[in-house]
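S.K.: Here is what each chain is made of, one letter per residue.
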Amino acid sequence: MNGVFDIIGPIMVGPSSSHTAGAVRLGLAARAIVGGRPSRAALALHGSFAQTYRGHGTDVALIAGILGMRPDDERIPDSFHVAREQGMEFTFSRADLGDVHPNSVLMELTGPNGSQTTVGGSSVGGGNILITRIDRFDVDFTGTSHALIVSYRDQPGVIAKITSLLATENVNIAAMRVSREGRHARALAIIELDQPVSKEAGALIKRISGIDTVIALPPVVSE
Amino acid sequence: MYTSIAELTNAAVSRALTVGAAVREQEALDLDQSQDVVICRMQERLAVMRDSVGRGLAGVRSRSGLTGGDARRMAEARTRIARGHATASGAPMLIGGEPLTSAIAYALAVAEVNAGMGRIVAAPTAGSCGVLPGVLFSVGEIRGAGDAELVDALFAAGGVGAVIARSSTLAGAAGGCQAECGAAAAMAAAAAVEIAGGTPEQCADAVALAFKGLLGLVCDPVAGLVEVPCIKRNATSVAVALAAADMALAGIRSVIPADEVIWAMGAIGRELPASLRETALGGLAATPTGKRIASEINMVRDDAVVGIIR
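Taken in order, these protein sequences are the chains called A and B.
For the first sequence, our numbering begins at 1 and goes up steadily by one.
For the second sequence, our numbering begins at 224 and goes up steadily by one.
In case anyone wonders, no lab produced these hints; they're calculated from the structure.
Be a bit skeptical, because a hint or two may be false.
Said to hold, decoys possible - If you want the footprint, here are the derived chain B segments under chain A, 3+ residues with CB under 8 angstroms:
| # | stretch |
| --- | --- |
| 1 | 346 to 354 |
| 2 | 379 to 392 |
| 3 | 487 to 493 |
Stated by the list, open to error - Here are the in silico distance ranges between beta carbons for each label pair:
| # | chain 1 | residue 1 | chain 2 | residue 2 | range |
| --- | --- | --- | --- | --- | --- |
| 4 | A | Asp-78 | B | Arg-515 | 27 to 33 angstroms |
| 5 | B | Asp-259 | A | Ser-198 | 29 to 35 angstroms |
| 6 | B | Thr-226 | A | Gln-116 | 44 to 50 angstroms |
| 7 | B | Ala-371 | A | Ser-93 | 50 to 56 angstroms |
| 8 | B | Thr-226 | A | Asn-170 | 32 to 38 angstroms |
Backbone N, C-alpha and C define an ideal beta-carbon position, used for all residues, glycine too.
Hey, can you work out the whole structure from these sequences and the hints?
M.R.: Here it is, written out as structure tokens:
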């Protein structure tokens, strides 16, 4: 980071890297997590996001990201209009999300397949983001690399099977976080990767006993 | 990558390159990309900058409705004077002359486009995005510089900004406005010296002199928005950058070297209270007018908080 093109750049729609560009990326991450454009989105804004979203366009930026726009997309100011054209319902509220970063949002989304997903995240400065919550799980990833989000039932050997499959695919693991609701209960693994996972490898991972869903996430923080 | 201004200017001197060319060559090495590719990437940024100047001069308004139209006002005043209408109508003449008058108009233009949710190049940040294009295009015009020279001027500015980012900060929340408009002015001064054909030493002095002029500048945005005073601080920062570049080109040295000035900026930033680092709690944001505007725009009401989730 901090090469010349990070300094003279990024090319973005203003006015704020944290409140606008970062918000677009939070929306993009949420879209990727639910696997496409949601049919409904209920967004709760916290802290500085709740106080200044109108002037910074944080609201239109979040919706733009959920619609798949990048931070330099000139349609960002018109994203509400685009959402209505595409038939996506959305609501905004101000909320106290507790002890989180001042620029935070909680997104309750109805995915393309009708499933409900909650995604929480923060814009932590300079357009960088942190996804901090998926459903009931605390997570911690930046969207700067490829990632796998694997939901499974807690039992011995699941992680070993995933990582050995990744090894045979020659995919390198950059960071990994595993959490669970309790012993033998629902668990979530966030695996950040140096290379993307092929569709075939994703399907093989999904077939591992105990695994419910596998989401392959592209980087959302990049040009 | 260069870790200090001294290292950067020494590299340029020893290889008989301009600062911009030294940064361009090093960046191509660091990214493992060809010269053509990095030039092309910078050319794309130059084109977005140029487009944002044009759109801002035509007149834009911010989403909040608080700002906009001042770039157009400045450009119209400049045109009237060029045509000799000012004295005929009795309006006073502008006093800045070129490139300052154009630099102010262009900086306002880009900063207003940013506030209006238009497309800009963060340089180094969105809040300070007007300073560099303001200086770049106005100095480029009086020098008749082509795109290749402007691209190298952007590399010079980017190299300076990268050093500031590594040894200090470019975030208003961490260092105040000196880290945004101050850094932008230092970068713009380097770009001006590059276009004017100055030496690497003059470039380093211009960086130091510009930065020194804006040390201690606080970040106190009214209503927390990137509008007041940010847009006009972009415009006043171009004057500092141009003054610094002219002093350096005249052979005036900065007593404190650029790298030490950058260090001082970081140290000052750490000593600034949080109220003056982008929290909208102090300075202009805390004035009666600032508070009135904040309550009108953001309509911050406790009853708007819908409840505690989780």
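S.K.: All hints, please: hold or fail.
M.R.: For each hint, the structure was consulted:
Counting residues of the stretch 346 to 354 of chain B whose C-beta sits closer than 8 angstroms to any C-beta of chain A gives 6, which meets the bar of three, so the coverage hint holds. With 7 residues bearing a CB less than 8 angstroms from a CB of chain A, the stretch 379 to 392 of chain B meets the requirement of three and the coverage assertion stands. With 0 residues having a beta carbon nearer than 8 angstroms to a beta carbon of chain A, the stretch 487 to 493 of chain B misses the requirement of three or more and the stated coverage is violated. Separation of Asp-78 (chain A) from Arg-515 (chain B) is about 30 angstroms and conforms to the stated range, judged on CB atoms against 27 to 33 angstroms.
At about 32 angstroms, the CB distance of Asp-259 (chain B) to Ser-198 (chain A) agrees with the hint of 29 to 35 angstroms. Between Thr-226 (chain B) and Gln-116 (chain A) the CB atoms are about 49 angstroms apart, so this pair conforms to the stated range of 44 to 50 angstroms. Range check, Ala-371 (chain B) to Ser-93 (chain A): Cβ separation about 52 angstroms, and the 50 to 56 angstroms hint holds. Judged by the Cβ atoms, the range 32 to 38 angstroms given for Thr-226 (chain B) and Asn-170 (chain A) holds: they are separated by roughly 34 angstroms.
Checked against the numbered hints given earlier, this structure breaks only hint 3.
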